[in-house]
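Residue numbers (the UniProt record's numbering): 1 to 297.
Treat the hints as calculated values from the structure; they're not laboratory data.
Any given hint could be a false lead.
Label pairs and their in silico Cβ distance ranges [to be verified]:
| hint | residue 1 | residue 2 | range |
| --- | --- | --- | --- |
| 1 | L44 | D5 | 35 to 43 Å |
| 2 | N69 | R39 | 37 to 45 Å |
| 3 | V37 | C179 | 26 to 34 Å |
| 4 | G138 | Y198 | 45 to 53 Å |
| 5 | R195 | N66 | 39 to 47 Å |
| 6 | M180 | I222 | 33 to 41 Å |
| 7 | R39 | D5 | 50 to 58 Å |
Since the model is a prediction, treat every value here as computed from it, not as a measurement.
Ideal Cβ positions, reconstructed from N, Cα and C, are used throughout, including at glycine.
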Amino acid sequence: MAAYDNSFGYIPEGWLAIIAVVLFGISLVLLVSSLVVYRHLLILVPIVGTIGEVAGWACRLHAHYNPNNYSDFLGQIISLVISPVFYSAQVYVLLYHWVMLYGPRFSLLSPRLYAIIFISFDVIALILQAAGGGIAGGAKEGSSEQDTGANIMLGGICFQLFSTVVFSILGLLFAAAVCMGKPVRAGPNIPDTPRSRYRDFCFLCLCFATLAILVRAVYRVIELSGGWSGSVITHEVWFGVFDFIPMIIASFFLLPSIYPATQKRFAGSNESTSNPTYQADRSDRDEKSLSSSDLNI
Numbered sequence: 001m002a003a004y005d006n007s008f009g010y011i012p013e014g015w016l017a018i019i020a021v022v023l024f025g026i027s028l029v030l031l032v033s034s035l036v037v038y039r040h041l042l043i044l045v046p047i048v049g050t051i052g053e054v055a056g057w058a059c060r061l062h063a064h065y066n067p068n069n070y071s072d073f074l075g076q077i078i079s080l081v082i083s084p085v086f087y088s089a090q091v092y093v094l095l096y097h098w099v100m101l102y103g104p105r106f107s108l109l110s111p112r113l114y115a116i117i118f119i120s121f122d123v124i125a126l127i128l129q130a131a132g133g134g135i136a137g138g139a140k141e142g143s144s145e146q147d148t149g150a151n152i153m154l155g156g157i158c159f160q161l162f163s164t165v166v167f168s169i170l171g172l173l174f175a176a177a178v179c180m181g182k183p184v185r186a187g188p189n190i191p192d193t194p195r196s197r198y199r200d201f202c203f204l205c206l207c208f209a210t211l212a213i214l215v216r217a218v219y220r221v222i223e224l225s226g227g228w229s230g231s232v233i234t235h236e237v238w239f240g241v242f243d244f245i246p247m248i249i250a251s252f253f254l255l256p257s258i259y260p261a262t263q264k265r266f267a268g269s270n271e272s273t274s275n276p277t278y279q280a281d282r283s284d285r286d287e288k289s290l291s292s293s294d295l296n297i
């Protein structure tokens, strides 16, 4: 791809932007429909992230026809850098629910610590990326202030990458303990929640979504490390492969993984009313878990 004298370093492909807007739009419709059906506020988190993805790709579509529009460049980079933070937040809260479903004794951390620690990390990453984007957005193109904003954004993404790696390790250890049926710490002496193909599928969706977020974070660190005119950021093929594809995977795969959270909503279902792990852990709050307003953690 030839280099162009604009902020992108290329002319964004219109067809790719159209596909992205359509797919993220479909994901948004599914998420909103799920919010209506399940009435679970946790679904609002990926909805915000998906709206950001649609907005970012809409900016890229507009930039296809107006490649020298600096506002489109900044709009898409800020939206598409910040939006995945909301996907990460949902992943962190969902592991809380999975730990509550199968039992805290299979997890190295208590459910509430997953929520407290990693959502705090996510908020820090969001603040850094938003601050960096604000500085870059208010600076002149090619100025040192723009580079400062990019470096702050890079710091936020690096922090997000670190927290995702730590979270992934803990999540894998939890999954291994559940699969082997070997608790890693003391817990209530209650029957284990049985595994099923559907539960395994839903948890696997969470794993794929987490992996997609991790791949995208690695790419963004490499991309922004090279600066605004680096070889990675100025070639759209890398952006399509390592940002668009992972994020659309995360957007769709996070929906089935909300399964354990919805079980508490539909108390009339056999699974939610008879699940011994949920009943014991909710009465005892597993170590007095968070008293939040049903995000629902």
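Original post:
For which of the previously enumerated hints does the structure constitute a violation, in increasing order of number?
Top reply: Per hint list: single violation, 5.
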